[in-house]
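Sequences listed follow chains F, H and X, in order. With the first letter of the first sequence counted as 1, position 285 gets the number 284 in numbering that gives the first Met the number 0; the numbers rise by one all the way through. With the first letter of the second sequence counted as 1, position 73 gets the number 72 in numbering that gives the first Met the number 0; the numbers rise by one all the way through. With the first letter of the third sequence counted as 1, position 57 gets the number 56 in numbering that gives the first Met the number 0; the numbers rise by one all the way through.
Hints in this document: simulated from the structure, not taken from any laboratory. Heads up, the beta-carbon is just placed ideally off N, CA and C, and yes, glycines get one too. A portion of the hints provided could be inaccurate.
Unchecked claim - Derived DSS-like pairs (lysine-lysine); straight-line CA-CA distance at most 25 Å:
1. H:K27 to H:K230
2. F:K210 to F:K3
3. H:K64 to H:K27
4. H:K230 to H:K64
5. X:K88 to F:K210
6. F:K3 to H:K129
7. F:K240 to F:K137
8. X:K165 to F:K102
9. F:K210 to H:K70
10. H:K111 to F:K3
11. F:K102 to X:K282
12. H:K62 to H:K230
13. X:K32 to X:K282
14. F:K186 to H:K129
15. H:K213 to F:K210
16. X:K165 to X:K32
17. F:K186 to F:K325
18. H:K230 to F:K186
19. F:K3 to F:K102
20. X:K165 to F:K309
21. F:K137 to F:K149
22. H:K62 to H:K27
23. X:K282 to H:K70
24. H:K111 to F:K186
25. X:K84 to X:K32
26. F:K309 to H:K70
27. X:K88 to F:K309
28. H:K111 to H:K64
29. F:K161 to F:K149
30. F:K161 to F:K102
31. X:K88 to X:K32
32. F:K186 to F:K210
33. H:K230 to H:K213
34. X:K282 to F:K309
35. H:K129 to H:K111
36. F:K102 to H:K62
To be verified - Beta-carbon label-pair distances, calculated as ranges:
37. F:A11 to H:G63: 57 to 67 Å
38. H:G63 to F:T316: 46 to 56 Å
39. F:L298 to X:E90: 17 to 27 Å
40. X:T181 to F:I136: 54 to 64 Å
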Amino acid sequence: MSRKQLDMTLLALAGLISFGLPLLIESPTYLQILILLFFYAYLTTSWNLVGGFAGVLPLGHAVFVGIGAYTSTILALQFNLSPWFGMLVGGMVAALVGVAIGKPTFRMRGAYFALCTIAFSEGVRVMIENIDSLGPIKFNGPRGLLIPLKGESFWNYQFMHKEPYYYIILTMLVLVLALTWFISRSKMGYYLAAGGDEPDAAQALGVDVAKYKLIALGLSSFLTALAGTFYAQLMLYFYPKGILGLDLSFEIAFIALIGGRGMIAGPLIGALVLRPLNEFTRIYLSNQLPGLHLVIFGLILILVMLFQPKGLTLPLTRLYDRLASKITTTGA
Amino acid sequence: MNILEISEVTKNFGGLTALNDVDMHIAKGEILALIGPNGAGKSTMFDCVAGVYPPSSGTIRFKGKSIAGLKPWDLCRLGLARTFQIVKPFAARTVLYNVMVGAFLRTSSTDKARDKALSVLETLRLDHRKDMLAGTLTIADRKRLEIAKALATEPELLLLDEVMAGLRPTEMDDMIAIIRQLRGNGITVFIIEHIMRAVMALSDRVVVIHFGEKIAEGAPEDVTRDENVIKAYLGSDYATS
Amino acid sequence: MNTLLQAVVDGIMMGAIYGLTALGLTLIFGVMKVVNFAHGSLLMVGMFAAYWFIKLTGIHPYLALVVVPPVLFFFGYFMQDIVIKPVFKAEREVREPLTVIIVTTGVWYVLDNLALMLFGAEYRTVRTAITGISFSLDSIIVSLPKLSGFVVSVGTAVGLWCFMRKTRIGRALQATSLDRETANLMGVNQYRIYNIAFGIGTAVAGVAGCVIIPFYYVYPSVGVVFDIRAFIIVVLGGLGSIRGAMLGGIVIGLVESVFSQFMTSTWTEAIIYAIFLTILFVKPSGLLGNKLDW
């Protein structure tokens with residue numbers, strides 16, 4: 000078996016398994032954990048477009064998740080529009096907002112950019128928590144929005160069982176992974192990486208660094224907002240602190256950094272490591288010792304940064320390379 | 000025809016005058032060397048020409064058009080490429096990746112960019128290093144990579160900032176041959192250089208600046224005999240190299 | 000009119016204390032070019048240290064000022080030495096060590112939740128010798144703990160400012176902040192300087208802890224409240240500037256107390272963010288920031 004065949008076989012196997020998992024998993028709780036795992040992998044892959052490839056550190060991406068959720072939900076509640084349509088509108092609003100904050104902040108040092116994204120997303124959260132209603136449009140302040148049950152319907156983006164949600168987010172994840180794969184091999188990927196590594200050198204080679212960062216942020220914001228709508232329809236309820244809060248923003252960044260910033264598989268690997276850890280430590284440890292799971296979370300983050308500052312994808316790739324070369328040589 | 004015309008260019012940084020009313024030009028196909036002691040304003044001149052910052056006064060014309068308001072990436076698109084005195088490779092990426100960034104200026108196709116980059120690497124005899132990480136290269140190879148990146152943008156005018164510094168004599172001979180070959184391919188070359196042996200071997204014409212002012216201009220042999228130049232700068236340096 | 004004057008006085012006193020909470024952050028950024036996301040947690044550690052010290056010994060809070068900051072200095076010194084320095088070394092070649100920011104975030108998670116495990120989530124207050132005491136000047140009521148907090152804050156800022164200019168260590172800190180490589184060449188040990196900067200930044204958080212504890216509660220995530228505010232203050236005043244941090248703090252304190260005369264406190268918070276974003280668009284280097292430091 001050649002290396003390429005091995006890669007393809009494993010990829011097909013992974014595809015088959017992820018496609019068939021809902022048939023094997025009976026418990027909605029576990030299916031929900033998987034759905035959220037893919038949800039986070041999707042969010043982090045979108046984040047990676049700007050946080051990884053463009054070499055900046057956005058720490059307020061929850062604002063785009065929130066924009067997505069609020070836009071589609073408000074359009075559905077007030078104007079009876081399909082959340083699928085609202086999802087696209089939310090994405091476009093998020094892209095505009097992303098470009099608007101990127102324009103002044105990309106001129107600054109990375110640390111400034113990180114702080115500004117935090118302050119911006121917190122500012123939006125505080126605003127929304129203050130608004131009960133804006134004219135006829137209800138925001139419900141800190142209590143958030145509840146999406147009334149309308150019964151199973153694709154048009155309404157509501158399903159009685161978890162499986163449809165699972166396949167929706169799986170499709171979204173596969174598409175966004177394919178998109179990043181495509182971008183990383185295109186002119187845009189090369190330009191983003193060059194601008195992130197050495198902006199002066201990149202500019203001297205004809206790269207308008209700020210422009211490409213803005214495009215990346217716009218695209219990233221758009222994609223992130225789509226997941227906001229998904230989350231709203233999955234939970235049928237959301238509130239500012241959860242969907243616009245710093246915890247979500249930081250978790251996205253952590254997954255990316257632990258998995259490997261700027262690598263295509265990084266977000267997926269990060270989510271595969273952190274999400275189950277997060278869920279299980281919370282379920283099993285938080286009752287006895289509240290906070291222990293977050294101490295573990297923090298320690299893992301510190302240890303990975305100390306010993307694998309480029310994330311876990313790199314050592315895992317090396318391990319796979321070694322195993323693969325054994326299989327391909329002995330198996331031939 | 001002059002590909003680059005610099006007239007009455009002055010550049011102040013706060014109270015410091017780095018360039019004072021400098022005039023110079025480069026004819027198409029020429030190799031011009033800009034020399035002068037450390038801090039004379041050579042790199043400032045490059046930065047002004049390459050669009051890093053605008054001159055405080057005076058005009059710079061590239062291919063007959065004023066470059067006022069143009070950014071480095073605009074100028075690069077017009078056919079002006081530069082290297083940095085302190086080389087700036089994309090250290091964590093391969094040599095090929097580095098050069099492809101430059102090659103993407105003239106194409107959006109990854110395959111075409113790769114082909115272009117490979118041919119540039121061949122020209123610079125760096126193709127055997129194409130899969131190495133740029134950060135692991137030797138000084139000599141880093142300097143070549145720096146040129147390869149600039150060359151991949153298909154420039155008409157190439158600004159080379161001290162590409163000989165840190166090279167051993169044999170490496171320097173290779174570099175001189177490479178630069179001659181570039182000119183042979185129709186590229187105009189503007190170099191800043193400290194090493195007089197290279198300046199003498201390469202340049203058609205030399206401009207000397209000192210404390211931001213032009214003090215001499217002419218053929219290399221004439222300039223090195225100029226008394227002002229010897230006094231200002233060459234004296235000890237020339238004798239040792 | 001009187002209520003407005005009262006609000007201005009309160010705002011300036013509280014603002015200076017906010018400035019104090021941001022001083023360590025701005026100092027560490029100035030020297031290391033790293034935003035310390037664990038800053039709020041260090042403040043929390045300072046507040047808990049002051050809390051337990053005062054609670055267990057019944058000592059006057061001003062005495063805590065002599066004990067807590069030195070302890071916190073060593074805490075910060077060794078935290079930088081053990082946890083952060085290795086990342087710095089690994090990222091030496093990187094222009095901007097963003098990984099370090101993430102490590103400090105990890106430290107924040109660990110510290111906050113260790114405190115949660117040790118002390119529980121409840122809000123704690125301790126009655127000190129000055130808690131609740133106030134006096135009136137004409138018709139203005141001045142709270143003693145806030146007034147002394149104001150005095151200590153301004154004193155600390157002035158002291159730090161002089162320290163940076165007049166002492167050998169202070170000048171070494173400044174040299175490193177301007178140009179690490181050159182400072183290294185001049186015989187300044189970059190990493191020891193970082194340890195010291197981190198130590199001082201943490202000690203200042205300790206001072207803030209002692210100042211705040213007589214009139215505020217402490218709980219494990221209290222740092223987050225001050226953290227985001229400190230970020231806004233330093234960006235407002237100019238990252239790395241000591242005077243900027245105090246000015247930014249006072250601006251925020253004034254906005255908060257004056258605007259709260261006219262609207263709910265959650266709206267004042269929104270206004271603070273709005274001011275922050277305006278500054279960002281108009282003058283990104285902040286009120287007193289160094290343009291080179293963007």
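Next pair to validate is H:K230 with F:K186; report whether the Cα-Cα distance is within 25 Å. violated (51 Å)
C-beta pair F:A11, H:G63: status relative to the range 57 to 67 Å that was hinted: holds (59 Å)
Proposed proximity, F:K102 with F:K3 (alpha carbon, max 25 Å): violated (42 Å)
Distance restraint between F:K186 and F:K325, which requires alpha-carbon spacing of 25 Å or less: violated (35 Å)
Distance restraint between H:K213 and F:K210, which requires alpha-carbon spacing of 25 Å or less: violated (38 Å)
Kindly confirm whether 46 to 56 Å is satisfied by the beta carbon distance between H:G63 and F:T316. At 52 Å between Cβs, range holds.
Taking only the CA atoms, is the gap from H:K129 to H:K111 under or equal to 25 Å? holds (16 Å)
Taking only the CA atoms, is the gap from H:K64 to H:K27 under or equal to 25 Å? Distance of about 15 Å is within 25 Å: holds.
Does H:K64 sit within 25 Å of H:K230, going by the straight-line distance between their CA atoms? violated (37 Å)
Has the given pair, F:K137 with F:K149, been kept, meaning a C-alpha gap of at most 25 Å? Roughly 19 Å between the alpha carbons, so the hint for F:K137 and F:K149 holds.
For a C-alpha distance cap of 25 Å, please report whether H:K62 and H:K27 respect it. holds (9 Å)
Pair hint outcome, X:K88 versus F:K309 [Cα-Cα no greater than 25 Å]: holds (14 Å)
Violated hints for the displayed structure, listed by number in ascending order: 1, 2, 4, 5, 8, 12, 15, 17, 18, 19, 20, 26, 28, 30, 34 and 36.
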